[in-house]
Amino acid sequence: MAMSVTMDQVVKRAKDSFGQMFDKSLHDLVRGIRNHKDNEAKYINEAIDEIKQELKQDNIAVKANAVNKLTYLQMLGYDISWSAFNIIEVMSSNKFTFKRTGYLAASQCFHEGTDVLMLTTNMIRKDLNSSSMYEAATAMNGLSCFINGDLARDLANDIMILMSSTKPYIRKRAVLLLYKVFLNNPDALKPAFPRLKEKLEDPDPGVQAAAVNVICELARRNPKNYLPLAPIFFRLMTTSTNNWVLIKIIKLFGALTPLEPRLGKKLIEPLTNLIHSTSAMSLLYECINTVIAVLVSISSGLPNHNASIQLCVQKLRILIEDSDQNLKYLGLLAMSKILQTHPKSVQAHNDLIMHCLDDKDESIRLRALDLLSGMVSRKNLMDIVRKLMVHMDKSEGSHYRDELLSKIIEICSQNDYQHITNFEWYISILVELTRLEGTKHGNLIALQVLDVAVRVESIRPFACNQMAILLANAHVFIVGSNTTTVAEVLYAAAWICGEFCSYLKDPQETLQAILNTKVTLFPGHIQSVYYQNILKIVTHLIQSSNNDQAFTKQLISTTIEKMSTFLSSGDVEAQERASVSLHILKTVLKLLEKADFNINELSVLFEGSLNPVAPKAQRKVAVPNGLDLDAWINEPPSESEDESVVSETHYDSKGLFYGNSENSYSSNSYANEASSYQKPRNYVEPTADELEQQRESRKQSEQMNPFYLKDTKKSKATPKTETPTTTTNGNENLQSSLSKGAIPSNLQVSLSDQLYRQAKIDEENRRLKKKSKVDGASSKKGKKSSKKSDTVAADDNDDDIYPTIKVTRGGELPEGATASGNEDNDDDNNTKVGNKNKKYDPHRALNIDLNEVPKPIPSPAQPKQSPQKPVDVPSSPPPESHEKPKKSKKKATAEKEAKATNSKTKLKKPERSDYKELVSPVDDEETSAPPPPAPSTIPNEKPKKKKTKEKKSTSKTAAAEANQPAPLLFDIMSDEIPSSNQSTQQQNEQDLYKLAAQSDNLTVEYSIISKTSAAELDVTFLLKNRTTSIIDHISIHVVDSMSSKVLNTTSANRISFPNKSNQTENDTIEFKLNLPCSQYLRRKSLHSDVFVDLMNSGTLTSQSNVNISTDKQNFTSIINTICQSYRLTIVDNVNSAASLYAETILGHPVALLIKSTNSPSNISINGKSTETHFLSNLLEEIQTSFK
Amino acid sequence: MIKAILVFNNSAKPRLVKFFEHYPEEVQQRILRDTYQLVSKRDDNVCNFLEGGSILGDNDCRLIYRHYATLYFIFCVDSSESELGILDLIQVFVETLDKCFENVCELDLIFHADKVHYILQEICFGGMVLETNLNEVVARVDEQSKIEKQEAGISAAPAKAMTALKEMNLPQKIKDIKLPDLNLNLRF
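These protein sequences, in sequence, are chains A and B.
In this text, residue positions in the first sequence follow this note's numbering: the first is 1, and each later residue adds one.
In this text, residue positions in the second sequence follow this note's numbering: the first is 1, and each later residue adds one.
No lab work stands behind these hints, which were simulated from the structure alone.
Check the hints yourself; a few may be wrong.
What the hints assert, rightly or not - Below are the PhoX-like pairs computed for lysine-lysine, each with C-alpha atoms no more than 20 Å apart in a straight line:
{"id": "1", "chain 1": "A", "residue 1": "52", "chain 2": "A", "residue 2": "24"}
{"id": "2", "chain 1": "A", "residue 1": "224", "chain 2": "A", "residue 2": "190"}
{"id": "3", "chain 1": "A", "residue 1": "760", "chain 2": "A", "residue 2": "387"}
{"id": "4", "chain 1": "A", "residue 1": "95", "chain 2": "A", "residue 2": "126"}
{"id": "5", "chain 1": "A", "residue 1": "1084", "chain 2": "A", "residue 2": "1168"}
{"id": "6", "chain 1": "A", "residue 1": "586", "chain 2": "A", "residue 2": "553"}
{"id": "7", "chain 1": "B", "residue 1": "149", "chain 2": "B", "residue 2": "99"}
{"id": "8", "chain 1": "A", "residue 1": "553", "chain 2": "A", "residue 2": "590"}
{"id": "9", "chain 1": "A", "residue 1": "24", "chain 2": "B", "residue 2": "115"}
{"id": "10", "chain 1": "A", "residue 1": "37", "chain 2": "B", "residue 2": "13"}
{"id": "11", "chain 1": "A", "residue 1": "95", "chain 2": "B", "residue 2": "149"}
{"id": "12", "chain 1": "A", "residue 1": "553", "chain 2": "A", "residue 2": "594"}
{"id": "13", "chain 1": "A", "residue 1": "95", "chain 2": "B", "residue 2": "146"}
{"id": "14", "chain 1": "A", "residue 1": "994", "chain 2": "A", "residue 2": "1024"}
{"id": "15", "chain 1": "B", "residue 1": "115", "chain 2": "A", "residue 2": "95"}
{"id": "16", "chain 1": "A", "residue 1": "994", "chain 2": "A", "residue 2": "1072"}
{"id": "17", "chain 1": "B", "residue 1": "115", "chain 2": "B", "residue 2": "149"}
{"id": "18", "chain 1": "A", "residue 1": "590", "chain 2": "A", "residue 2": "616"}
{"id": "19", "chain 1": "B", "residue 1": "13", "chain 2": "A", "residue 2": "42"}
{"id": "20", "chain 1": "A", "residue 1": "337", "chain 2": "A", "residue 2": "379"}
{"id": "21", "chain 1": "A", "residue 1": "360", "chain 2": "B", "residue 2": "41"}
Since this is a predicted model, take the numbers as computed values, not measurements.
With the sequences and hints as input, model every part of the structure.
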């Protein structure tokens, strides 16, 4: 005892004095975790507590050890971001070992959002420039993982310098790191690019490879900017021996060729040479891929075209036949690319691909499946599907089976069933597919059956009776588990049997089968279809009964009896349908008893045939004049109004369907019937007794039903014997008739096989017949070839031996609408763009034209006679300008002889999503102001000028008036701010000219307005002459920044004024124009509902908030100020909270929620947007403006 | 681009996790699990490529992996990488490990997870291939180990001594050592 006490003390003392030495090393930690398998989490939590203690110590070695352990724990999934500061401490150690530990931890857990990163800039700079190349490399490696926009901007120069280091070890890392810099700071790309290009010819192959790597990454996203580099790459391709480099270059060419077909033609030869010569499979494979890409991009005009394809296919066949599974996989992958353009070349290898379907590797089987769809023709479709069906039986794994199923349907249905010659066969295939266990494609099968039945009229009788068999065996589907959706097919079956019930062999039997099914166990939408179609079949039966009153009565009453159980359906929609159908039947029954029944009244419900509707049809329906779809048809009911009023308004609304006789007719008949069956509604509600009875019978049936809670397998295997059992709990009358119907209930297993054989025999017969015909008529040959050329889909010569079956292709469209795909595509594009906008893609910002030479300043040979012309911006002037020139003129005249002019320069914001506060580098103005000219010339000149100015301003006013109302109206309509206030505010806003620069001679003022239509800003400059001299000319030289550039530079660079002078004096003003991010906002009104939807949609992923304390202002005025100065629009304003909205000029939404918390002087602003940087900068701007 | 490099063993225990894009820890673990699910059920004689689908968020992801004894080496790459090239790269990586650890086995990776990272840093940089020459990589790793040893030579002497001490059977030896002395002796 005493001994252990002393030992504890000893250990403790030792621990105190040695710190780290008694701490766990990484080794100890790992061992400890392995020894605590049962309570790992607890052990690790203890370890983390220890680590926290260790991090508090001053000893850097202890800290490094702790950080090293944290890095390990991070791998196990523990969040270690809390230790970010300690990690930086370790990174800043002088010792390489610790530094490396720190950088490793940082590279694992830091990311661009880590806030301590801003502390690291100088430390990292120091490490980058370290004399030890390993330290520099460590820093670069870390930086590659956690670089953010700020670091990228601040360290870009250091990294550029490292690119010319003497050590290749450093150089190649710097080159690779540059890519990360570009991603985080797109502005760096253009200035750095020449250096990067140089590195393509670096003496060190490693550096060269790195440069190729970076350029390939850049070019992959924006290939067209890198086309000019093709010659360099071409040379590299023919000289380099490094397979890595070659692969990258060849891949790059694959991306470039679609843009430049000439390049492709040049590439074919060296690539073919490589294909022949290389022994590296990886290189061979990439060459083939690029050759394929080239061949895809050049459609014709290449002599060796076919030879190249043949070479590729031949090489790919070698790959596919290889015993290496990897080569086989890649071979199939490349084959599928050839398939898209040269299906025939691939079809020749049919055998090989079918063989791959038997492969033991699922990935390979899936790839082979992909190829199948391109290989089917009328001739081989049945064979291929048959093989797939065999595979389906053999295969294990539901994923692969589902793939097979959807592939079968895909290849059969492609191009509107182009390859199907025998629809009986196809229907029976679909029926067989429903026997697939656990498939998730039930829906697909159902849609397919429906589609075929609707489009192929001739198949309806067959389809109908097949579906009747399915319905008779519906119990098989009931028992299925939740994972399968195969019951969906009953949806199609019920609908087809109902809609085309005239084709049913024995409609009564089918009806009884339907009625006897425990329909209520199905999903709601299937139930609904069942109930609806019961009515159709009943109608059909009555219609064809030749007024047999007794039969009709008996039929209806048994149906009513059966259907009343369906009223207890749990699904609202289904219950409603059941109820409606039931009431119709009851009404019919009542009328029958009164001998007042006319079958037409019933059959009219289902008159007319349904045709397939084109997917775009709804969109093509033109909105009739005067119909406002957004307007309320009736005022929304207040909550106090009761149901009856609502139903009344419902009937009122039938007036909507004007001009459609059929519709109004049916709605009338509905209305009539509705009035007759509305009243008795209550009595059909099952009484308590009835319910009790039903419950009892249900319990009983559950007990007796052998399928309840049982597996499907058994029931499927022997459906015939078990069918009667299921019906025992049903009505006895019907039972007997159903047992008769149970005979065909055996799902004819081999039906498709029978049909397949039959089809083959038919085909053979037809072929023989044709042959004899051809033999007979010698002129047939020419005919055949001509036929081939005009049938587009002709893929084999035997095409005409197949019967042509009429398939209703496409779908119905409203009159006048064409099925052009354009509109649709546009829509798709829009949505695509929209989706892209949601996700921040750094590569969009890197879409920079690297060959753009800085625009030469136009020669000063401007027409001297019309001084004002150059000022006119070619595009239509923005609305605000008409006020300005007047004003400036006034001021100018006030300033005695001064001449004022305003020149407009448009700064365009190019596509980029990073809205840092933009500083366009230097806008320098060169003004050569001559000294006061001879007084005699002035009076001559002045009136002239005035005139032109006046003219201009009036014309502008006219233009402006045309422009102005729209945006104003927009704001007025959407805002709660008093409209007059708003409009004057807006004008005031526009009038705000701010001082940009000033010299002794000249004042430069500017005002910025965002355009409502394009992603541009209008910047209007107002130049004022401060001297008494007359300005001879003004040259404006604008240096674009990376993120914004001047549009319409052509005419406004030099403004000359006609006057002769003998003395010259030059003055240059240089100034930067700050474009705060709020300038990139555009007013956009939004309805509050849309706003709420937007907020809930989850697309606004970026959030930011600031708190502002203001003095004295009341809340509303603050809101108004914010709105006015930042171009926001109020969406909603409730007491002390308001939501504001605006769009950036690129259309990104920006939503702000402003709340006054506690006191009115304290205001919190919550912002949401898709653009993180922009939002935070905007809020910062608002915050600073309030300080 | 290589998006991630994962090494885990046959029972899904991670041995190396390197993501070249940031994912929160829980997402990293999910990706690990998903990848394991995909890879572990595959036989050894099937192909080494897998469609990664949306495992890493976007759809441009392929898993290229190799299975060595108890360990899976998985590279998640996008379409700009050559499949066979990456397969070779995995081989280079494993051979380098084999040289650096002298007959590498799973235990080496378990206890030297940091060193595995340092080796990987010589091969792959920010998701791009940096060096594929085995000897070059090994030489650089060795040089850095040398620096580490030099630095350890100065400062780690006490640590080494203490490790030695810990290895001793403390309860028995403790009597023989006068602690104050020890204290003095070791505190340079």
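Index of numbered hints that the structure contradicts, given in increasing order: 18, 20
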